[in-house]
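Starting from the known structure of chain A, arrange chains B, C, D and E on it as the hints suggest.
Protein chains in written order, with the numbering used here: chain A, 30 to 384; chain B, 30 to 384; chain C, 30 to 384; chain D, 30 to 384; chain E, 30 to 384.
You may find that some hints are simply not true.
Identical chains blur together in the list; that is why a pair holds if it fits in one copy or across any two.
Said to hold, decoys possible - In silico lysine-lysine, DSSO-like type, Cα no more than 30 Å apart, as pairs: (1) Lys190 / Lys108; (2) Lys325 / Lys381; (3) Lys111 / Lys190; (4) Lys270 / Lys325; (5) Lys87 / Lys270; (6) Lys279 / Lys190; (7) Lys279 / Lys108; (8) Lys382 / Lys325; (9) Lys253 / Lys267; (10) Lys87 / Lys279; (11) Lys267 / Lys279; (12) Lys267 / Lys382; (13) Lys267 / Lys87.
For the record, the hints were derived by calculation from the structure and aren't laboratory data.
Since the model is a prediction, treat every value here as computed from it, not as a measurement.
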Amino acid sequence: MKKKKKQKSYKTKNLPPGTISYRGKKTSTVTHVDIINYNSTVYNILESQSVEDAFNFKDKDTITWININGLSNIEEIEKLGKNYQLHPLTLEDIGNTNHRPKLDEFENYLFIVFKMLHFKNEEELVYEHMSMVVGEEFVLTFQEADGDVFNDLRERISNGKGRIRGLGSDYLMYAILDAVVDHYITVIEAFGDRVEELEDAVFNAQYNNNISNHIQDQKREILKIRRNIVPLREVINKLEKTETKIIEEKTHDFLRDLYDHIVHVNENIELYREMIWSLMDMYMTIISNKMNEVMKVLTIIATIFIPLTFIAGIYGMNFDNIPELHYQNGYFVLLGVMAFIFVLMLMYFRRKKWL
Amino acid sequence: MKKKKKQKSYKTKNLPPGTISYRGKKTSTVTHVDIINYNSTVYNILESQSVEDAFNFKDKDTITWININGLSNIEEIEKLGKNYQLHPLTLEDIGNTNHRPKLDEFENYLFIVFKMLHFKNEEELVYEHMSMVVGEEFVLTFQEADGDVFNDLRERISNGKGRIRGLGSDYLMYAILDAVVDHYITVIEAFGDRVEELEDAVFNAQYNNNISNHIQDQKREILKIRRNIVPLREVINKLEKTETKIIEEKTHDFLRDLYDHIVHVNENIELYREMIWSLMDMYMTIISNKMNEVMKVLTIIATIFIPLTFIAGIYGMNFDNIPELHYQNGYFVLLGVMAFIFVLMLMYFRRKKWL
Amino acid sequence: MKKKKKQKSYKTKNLPPGTISYRGKKTSTVTHVDIINYNSTVYNILESQSVEDAFNFKDKDTITWININGLSNIEEIEKLGKNYQLHPLTLEDIGNTNHRPKLDEFENYLFIVFKMLHFKNEEELVYEHMSMVVGEEFVLTFQEADGDVFNDLRERISNGKGRIRGLGSDYLMYAILDAVVDHYITVIEAFGDRVEELEDAVFNAQYNNNISNHIQDQKREILKIRRNIVPLREVINKLEKTETKIIEEKTHDFLRDLYDHIVHVNENIELYREMIWSLMDMYMTIISNKMNEVMKVLTIIATIFIPLTFIAGIYGMNFDNIPELHYQNGYFVLLGVMAFIFVLMLMYFRRKKWL
Amino acid sequence: MKKKKKQKSYKTKNLPPGTISYRGKKTSTVTHVDIINYNSTVYNILESQSVEDAFNFKDKDTITWININGLSNIEEIEKLGKNYQLHPLTLEDIGNTNHRPKLDEFENYLFIVFKMLHFKNEEELVYEHMSMVVGEEFVLTFQEADGDVFNDLRERISNGKGRIRGLGSDYLMYAILDAVVDHYITVIEAFGDRVEELEDAVFNAQYNNNISNHIQDQKREILKIRRNIVPLREVINKLEKTETKIIEEKTHDFLRDLYDHIVHVNENIELYREMIWSLMDMYMTIISNKMNEVMKVLTIIATIFIPLTFIAGIYGMNFDNIPELHYQNGYFVLLGVMAFIFVLMLMYFRRKKWL
Amino acid sequence: MKKKKKQKSYKTKNLPPGTISYRGKKTSTVTHVDIINYNSTVYNILESQSVEDAFNFKDKDTITWININGLSNIEEIEKLGKNYQLHPLTLEDIGNTNHRPKLDEFENYLFIVFKMLHFKNEEELVYEHMSMVVGEEFVLTFQEADGDVFNDLRERISNGKGRIRGLGSDYLMYAILDAVVDHYITVIEAFGDRVEELEDAVFNAQYNNNISNHIQDQKREILKIRRNIVPLREVINKLEKTETKIIEEKTHDFLRDLYDHIVHVNENIELYREMIWSLMDMYMTIISNKMNEVMKVLTIIATIFIPLTFIAGIYGMNFDNIPELHYQNGYFVLLGVMAFIFVLMLMYFRRKKWL
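Only chain A is shown next, with the shape it has when bound in the complex:
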């Protein structure tokens, strides 16, 4: 097992509450800003390095989606916070990449924290912290790094396909969460495949320390996945139940559907968790079975030959007077006796079903 680098990312200094500070891995040094502005007739897209380019869209009758990649540029986030009147605690939580999924309702916006999961190099599972501010005419999303799961969504907006262009910021919020949850499903399925591979490996007796390490790794991974995904269920539930002017009536059907999806995800997480735990038991059983088999081989060999060796030892003694040694057929008779004992032993083991 490779030595895990310990990543100490949570604040240890007790900063005044509401202080923005980036607590992630500092891998994305530059902040990219993608701005999409649309309504049923209009569509603008803008890539920029400054959030200020988005401010002129603010009071127009369009939906503005501002996506920030990289959280290390605190000034930009503060500008955004000022322009959209975000609460200091919201700004703090945007930068706190260890925050668990949650929903905060403020007077003029909703604030949602969640995790985006995807595989890097088909192997390592990456947990990216995301947060989203949803106002009546705008959606702000904050990501730790470039690369996300929203390409299909962006295409749908630009093509004007589906109903998204005709609907409000609440539907955009739903579409973003839906894309994230859809990707959870992919991740969980890939995880399930891994578990089944492990299962096959365990059954096919490729049992060694390596396998138990793999099982242990998957245990840890599923615990981590659970911690990052499961709280989103409660968030979406609250989102569906909440009474706010931001979410329109007809979006509730979609949120309810999204809730069904996240419940599906959570159930699969629990399923795989149980399967991994039970795999460990299985593994132990197979080890025990193997041990039993090993012991049986030893016992059969030792039980047969130790008494025979003893008999041979008897007649290997150098006493002057051992009458049997001088019989003409003593040797052959003894070989016969030994063969008889041998057969007797074999029958005993067969009756015990050891053979």
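Same frame as chain A, now just chains B, C, D and E:
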């Protein structure tokens, strides 16, 4: 254990919500439509390949049950959706065969998703995705493939026996769910028989890797059954509690009874789950007992004969001066000593209750 | 372990809901009817084979308790159902001996399903399905077979002792349930005695496959008891909480007391369940300890004598030139060396606390 | 383990509900009555054998605490019941020493059942059934035997210290429960000390069947403690929440504090329960470790000497023509080879970290 | 493992409720008092040994934070209680260092009990009991000993940075709790590092009794952490929900944020708990694997050489007539046969995948 074919059926592309797409195994290429139209005096049955044949029944004062076998023919489902004004999300969920059981209430219909379980070739347990739309005058059911558990029900409708012909679409919905849950009971009982067979096998010492694989298979199966059946309990509970014009007052008694049945099913699932888990423990205990027995045989044989062999070895040494070797009865005395040690050892083991 | 006869008793055919059919073991072919009719001044008792004898009591100002033994005589039950206006689902559930405990409230009666537990031949625990219909002036009870736990109760009614003769059908219902729950307590205590016997057996090292089978049997038994008794708690709770004209205000105190009893029963069930589970662990520990002891004996003997035998083997070799063999006291010196090694080994094991 | 005497104390005869009968151990044949009568100015104490002495205090403006030691004297309890108008079920529950903790509210009094725990001879934990009736001007307590945990409380009343003399029967009830719960804390702490001693014993390798018996005993004890103490939490919670004229407003603060204490007790019970369970695991691990060590010693010795003994056996054969035997230095060369194999083996084991 | 000193700190004498008595470790003999008095314009700090110095701040329009270090000086606490009109039970709980976290609401103040966790000497985790009284214009905090986690907070107050100086006592309460919970996070992270180190140690086969002791120690520690931290979640939840004039509307956002943090802490506690438990399983598996390996080595060596030694024993016998001994090449043929058996055995083991 046979290598499981990995079936990747959940969408990985983030389609716009509300898109219909069939995500099942694509085994049923043709879509069959069965239409039953009845009230207390009228009874029509129609087998067709197109749903349009059902549309002329729509505004008559009869109950129309349209059953679609095969979900791959998306156009037919869309036609149906248009005619009965189904929500896009309903259409999406009809095709999503991985969806967990749920109940959605819409303004003019109820939408219920559940699983139909039956055995194929007495061996393999098949999980068929079903969905049902219940309106005031119609019931639409969607199945993945031909073959279902509703033959008794169809006969009762055609015979006019029982109260079904005189009651509304809500009673038909109940009768369909009742048939499904009744079949769950049969499935669970068959599963219980398997568990008991395994138990007998474990007790009768037919313990080997094969058995532990069987136990593991049943563990997985019961987890899968649980995942597919248990959520229906909540669905039926909601159905009983819901206040909708579609379900009449007197049907509630029947739904309550149905709820009792599904609770019975769920309890049995939990029971068998506990029994399988405990069976694994039992199996481990029996292995340990066997190992103990094997070890005892080895220990008894080795403990008796190793010291005796040592003594024989002593008198097999070639020292010039070993006085005992030259005693007239040295050999016989030694044999006597050895027999004495042998008996002593046996007594020791008997006192330890190893014999 | 004796091969369990599989008893397939749940319907596999999807009958129309509300159909009466007896799904028990068909052991009681004849249906006995006991009718007790009483108020504070009147007392009649009647044994009959037909329920019709009870119908003339119906509109009198007395409490009528009709007890049906044997459920196979469907016509009698239907007559009763007609006379007392029972719902078809009630009639179905009376015959369904697999039904879990439940309470149904109908307009003019309460319907309670529960299990009566008693020992047959001091050994086998019998689960008898019972149901009870409680109206304002009558109580109907349905048992699978003759023999029950109500003899004390019947005596109290006939003697006119206690308050029962002066009270209504709700108090009779309470008294019946109280007798059943009292008998649960006896059963659970007997079960507890069995568990303690098993515990003693485990501690007294009478460990073998037989014991683990016994433990496993008790595990299964307690799971079965739990499944049959535990739901009654919820039934009695509902009974205490329900607002119906059938149950008078002052009976609620008694029902609350009954609830305390059933909670007591349930707690004991959980207690014994935990004890049995923990007994299995105990048993495994004792096996491990035994194995450890066996291994130690083997190791001590082998570790002492294998090296000594090797040394003896050295001087049993037939090399022409082994100088030690020709020393005058070579043999005795070697014996001394061997004794020294022997003592050394013993000291080593003593230091390791193996001796 | 000493054979437990089975004490069958729960009624097996179905007596009419409300019958008083003592179901305890019948150890206290005589009933003692302690009567304390007080208000802020008055203080009387009276030891008697009859409850009738207390009746003249009844209508005075003082608080009367009547404490009954010994429940076998049914007539006295019935007199008391008559005088204070107790419900028949209350009288029944006073005598039922198996009753779990509970709170019953009646029109003019509260009835509380709980357990008093204390150590007998520093070793055996005794569970004494207690019940308490709290009216507006009186408190009745019923104990199984002499000796209780209320001496400090009695002293406070007689001294007039603290606020108790100026307050009502509800405060006296609180003070009694507080004394009981305080004693729980002492008991739990003593239990915790035992668990820690066991832990030390396990760590210090004093592992044998005895220890596992001790662990098992403590498991059983903590289950019993839990069953007797835990329900009191709910009782005190209900007491705090209940709206009755008997409990004055300002006493609620004290009850809330008492609730905190009982929650503290329950948490410690759960903590020790988890610790004992985990101790068993620990014990199993240590056994496994020991076994591993034993096996290693055996394996090292056997693996080294068995091949060497084989070699010695080769040259102990009596073939006419074994050239090596006649080499001048054959014996010494062979000894060298054996030493070399010996060293090689040691190195192998060292590399495997077995040495 | 070092012998734990048993610290008996909970009262065993049943004192009158409301009695103040210090039940801690009596390590801090002197009581220090820190008084900070501030509003947006004023800032005073005072270190004293008497609480009376704080009383002149009482009615001024400033926030007064009085921090008491050391609880053994009961008179000072009583003076404080008198001056701020604290309930006797509050005073009792301030001194009871075993009290679990809780929130009590009184008419004119809130009383919060919690634990401050920090590491002493980077090794030992110290649990310090703290309580806090929050009134409209004052905050009183009580600590067991000097040294706390509030230095950053004090600095912020003295610098006038952040919003704290402009806000009320409720915000100060929030800031104190925030500092405590922030420190929990540090503690939990350090604990997590320990768990990961243990995990590495287990995987790197440094398995011995020592490691299992370490795992056991961490088990105990996490149970203790959980007991001390987890109840604070409920406290903060109640604090957020409570309707009191002391907590202003805008502070609720901060409390909600704090609640998220404590939930985060609790989730991590559960995570590490599961990881430690699963580590024990892992450890057992590795031991089993090792044992298996040991057994295999023994079995291979014994199974190969015991039969060979037997054969050598045969030809070491001294029968007069053993024809093979006199063959010219008998010895060499036998060596060949032995080599053949040896190779055969090796192939058998290779096929069994033991080599």
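Practice prompt. Give the relationship of Lys111 and Lys190 under a CA distance limit of 30 Å: within one copy only, between copies only, both, or neither.
Written response: Answer is between; shortest inter-copy Cα gap is 19 Å, intra-copy 34 Å.
Worksheet item: With identical chains treated as interchangeable, where does the CA-CA distance between Lys87 and Lys279 reach 30 Å or less: within a copy, between copies, both, or neither?
Response: both (24 Å within a copy, 27 Å between copies)
Discussion item. Cα distance capped at 30 Å. Does Lys267 pair with Lys87 within a copy, between copies, both, or neither?
Written reply: Close inside one copy (28 Å), not across copies (39 Å); limit 30 Å.
Practice prompt. Up to 30 Å between alpha-carbons, please classify Lys325 paired with Lys381: within, between, both or neither.
Written response: both (11 Å within a copy, 13 Å between copies)
Discussion item. If the cut is 30 Å between Cα atoms, do Lys267 and Lys279 qualify within a copy, between copies, both or neither?
Written reply: both (16 Å within a copy, 22 Å between copies)
Worksheet item: How would you classify Lys190 and Lys108 at a CA-CA limit of 30 Å: within, between, both, or neither?
Response: Classified as between: cross-chain Cα gap 21 Å, same-chain 33 Å, threshold 30 Å.
Worksheet item: Can you tell me if Lys279 and Lys108 fall within 30 Å by alpha carbon in one copy, between copies, both or neither?
Response: between (33 Å within a copy, 23 Å between copies)
Discussion item. As a check of your reading, is Lys87 near Lys270 (CA-CA no more than 30 Å) within one copy, between copies, both or neither?
Written reply: within (28 Å within a copy, 35 Å between copies)
Worksheet item: How do Lys253 and Lys267 come out at 30 Å by Cα distance, when the copy is not named: within, between, both, or neither?
Response: Classified as both: same-chain Cα gap 23 Å, cross-chain 29 Å, threshold 30 Å.
Practice prompt. Can you give me the call for Lys270 and Lys325, within, between, both or neither, at a CA distance of at most 30 Å?
Written response: Neither. Shortest intra-copy (64 Å) and inter-copy (62 Å) distances fail the 30 Å Cα cut-off.
Worksheet entry | Intra- versus inter-copy proximity for Lys190 and Lys279 (alpha-carbon distance at most 30 Å) | within (19 Å within a copy, 43 Å between copies)
Fill in: Identical-chain pair category, Lys382 with Lys325, by Cα at 30 Å
Both. Shortest intra-copy (10 Å) and inter-copy (16 Å) distances satisfy the 30 Å Cα cut-off.
This entry does not satisfy hints 4 and 12, going by the numbered hints stated previously.
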